[in-house]
Amino acid sequence: MENKRVRTGKHFMMGNVACAEGAVAAGCEFAAGYPITPASEIAHTLARRLLEVGGYFLQTEDEISAICSAIGASWTGKKVFVPTSGPGISLMLENIGFAVGIETPCVLVNVQRGGPTTGAPSMGLQGDMIQPRRGSHGDYEIIALCPSSPQDMFDYTVRAFNLAERYRTPVFVLGDAFIGHMREEVAIPEPEELEITYRRIPEEGTDLSKIKVFLDEEVAPMPIFGRGFRSHVTSSCHDEHGNRNLIDPTALDNFIQRLRNKILKHRDEIVEVESDCDSCELALVAYGAVARCAKEAVRVARSKGLDVGYLRVITAWPFPDREVQDLSHKVKKILVLENNSGQYYPYVKAEAAGKAEVEFLAPEILGQVHSLDYVVQKIEEILR
Amino acid sequence: MNSVEHPLRKYLRPSVEATTFCPGCGDGIVLTSILQAIDELGMTMDDFVFVSGIGCAAWIISPNFNADVLHTTHGRPIAFATGIKLSLPEKKVMVVSGDGDLTAIGGNHLIHAARRNIEMVVICANNGIYGMTGGQVAPTTPREARTITTPYGSLENTFDISHMVQAAGASYVARWTGYQPRQMTKSIKKAIQKKGFAFIEVISQCPVQFGAKTGAGGAVEMLEMYRKSSISVKKAVEMSPQEIEDKIVTGEFIDTTKPELCDEIARLKERVRGEG
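Chains A and B are the protein sequences, given in the same order.
Using my numbering, the first residue of the first sequence is number 161, and each one after it goes up by one.
Using my numbering, the first residue of the second sequence is number -8, and each one after it goes up by one.
Source of the hints: derived by calculation from the structure; they are not laboratory data.
Just so you know, not all the hints are guaranteed correct.
[Unchecked claim] With a cut-off of at most 25 Å between alpha-carbon atoms, the simulated DSS-like pairs for lysine-lysine come out as follows:
1. Lys515(A) / Lys493(A)
2. Lys455(A) / Lys492(A)
3. Lys1(B) / Lys370(A)
4. Lys164(A) / Lys83(B)
5. Lys83(B) / Lys226(B)
6. Lys515(A) / Lys455(A)
[To be verified] To spell it out: a stretch of chain A is covered by chain B in this simulated footprint if at least three of its residues, at any positions, have a beta carbon under 8 Å from a beta carbon of chain B; those stretches are:
7. 185 to 195
8. 227 to 240
9. 391 to 402
10. 499 to 506
11. 537 to 543
Every residue gets a Cβ at the ideal spot worked out from N, C-alpha and C, and that includes glycine.
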């Protein structure tokens, strides 16, 4: 039988469509969203594709309802997906924190657009880089991946589902209007070549007072609804079995630390960077659409005999601290390129402090990717 | 000590030892009515997924009910319940929460769930005030009532929740007071069996906040007031708007059958499969 989930083959495909195909290939069964530029094509694709595989796309009354209904569906055991853009994420943040707190696998894609506020919907800006990390109130960790191409929109959406299932947590795909609307070749592999992860669920008949189903740094199995577990699920401070505890002062510490460590203890399995820098004078650090420009600028500069390399950040969160530290030992200078006014830059600077000098380069016009000449010229300025 | 167990105790989570409700609170009546309805229908807690929001009434099910319970963020239980029901259509999904949660911060979800006519039971314990946070004015607070945030009396109109939910497209809408537990139980049984969106508003006494702040008195006085001012839907249609102004209209406002969302989706999936 033809596999309806995986559209194996080479396609000329829009980034947003590739993202939707990645979700379907990863096993998504429920998606919810509200119309928003520049992410709507994801919903358009899912509205048809999910029905073909027995799933459903729900267009909700607002973005809050989108994230909430997706979390609800995830608690029935479904893989869920919430495509949107920055204003949608702003509305969802409270409940993204809720998903973190009750350990719910779910994937969100933010096809970032020009902001603040309603901004410029069809322009790409990497303006929401810190938002997933610190946007919801309280103290928590998040996972966020940065695609640089339509191919990445497929690949990293699949990976985002796998990470969400593995760590029982929300995972972000941080695209932008450039990547979302870009059309390029997208190669979708054979179904058996795709690595697909499923969450652990307690065995039928398990007494939840006997095993950890929350707050396990090694990731507890998820006591999903409808299986007779009689789960008590609350985002209020709780213990390993789901019992609310608002009295014991150590309960909050436990709640925060266990959830954070669940991610941080496994950072080596999560953090991914692409590096081409053995020992250079200068390294460029970039992610997303800008990483394409940085890579090309390095190639051109090298052809001019300049000693320059690059580090492409793929996992923005958890922050690739060791990778940036390693880099700062190898180079004299680091140039951070972002299509914003320097959101990720302070994190890189802090990590490299005392080892390498770190400078920031915004594009000539915010909302436009740096031009190649502009970056090459900057490299020459620094190195000559 | 050998003691007789309450016939509904079996539906409560074994770890629950005491109630968190204030003395005289109406939430206990709602809790009992729900369990009584489930018991009389011969159903088990495994037939249900319960969802609640934030506020006193959300604690009716969480942690008390020994079932799958999702205690959500403020105003959003219906949105969570929608995702659960669409993914587990064979289970009964019941939302239990308060008027602030369901009609103020969460009003949009209530309207649209009713419009979609998705099968679920929503029980709104309406105490006319924000109880848990200390007695602030709510959309359901009577005009001119004094609360902690309306020290000179509320200037705003009072929300007629049941009317709104009916207008939005629900299949079943009823209103009862805490003085009518028998009618309430019967109504909850009907709502559980309803193939569509079913909404029950319970005017529920809050002596500690509403009673004390507005001068409505203690639980007994409030229940007595409910008894005196309640009139049936049938009687209300014969009265003028002025005559029913200070009355509580109780009974069933609508009980109808129309296409339900989960059924419609199942049919669509069949159709798409056939075409594919």
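Comparing the hints with the structure gives:
1. Lys515(A) / Lys493(A): Since the Cα atoms of lysine 515(A) and lysine 493(A) sit roughly 9 Å apart, the hinted pair holds (cutoff 25 Å).
2. Lys455(A) / Lys492(A): holds (19 Å)
3. Lys1(B) / Lys370(A): holds (20 Å)
4. Lys164(A) / Lys83(B): violated (31 Å)
5. Lys83(B) / Lys226(B): violated (33 Å)
6. Lys515(A) / Lys455(A): Holds, at roughly 23 Å.
7. 185 to 195: Coverage by chain B holds here, the residue count being 3 at a Cβ distance below 8 Å.
8. 227 to 240: Held - the stretch 227 to 240 of chain A has 12 residues with a Cβ nearer than 8 Å to chain B, which meets the minimum of three.
9. 391 to 402: holds (count 6)
10. 499 to 506: violated (count 0)
11. 537 to 543: violated (count 0)
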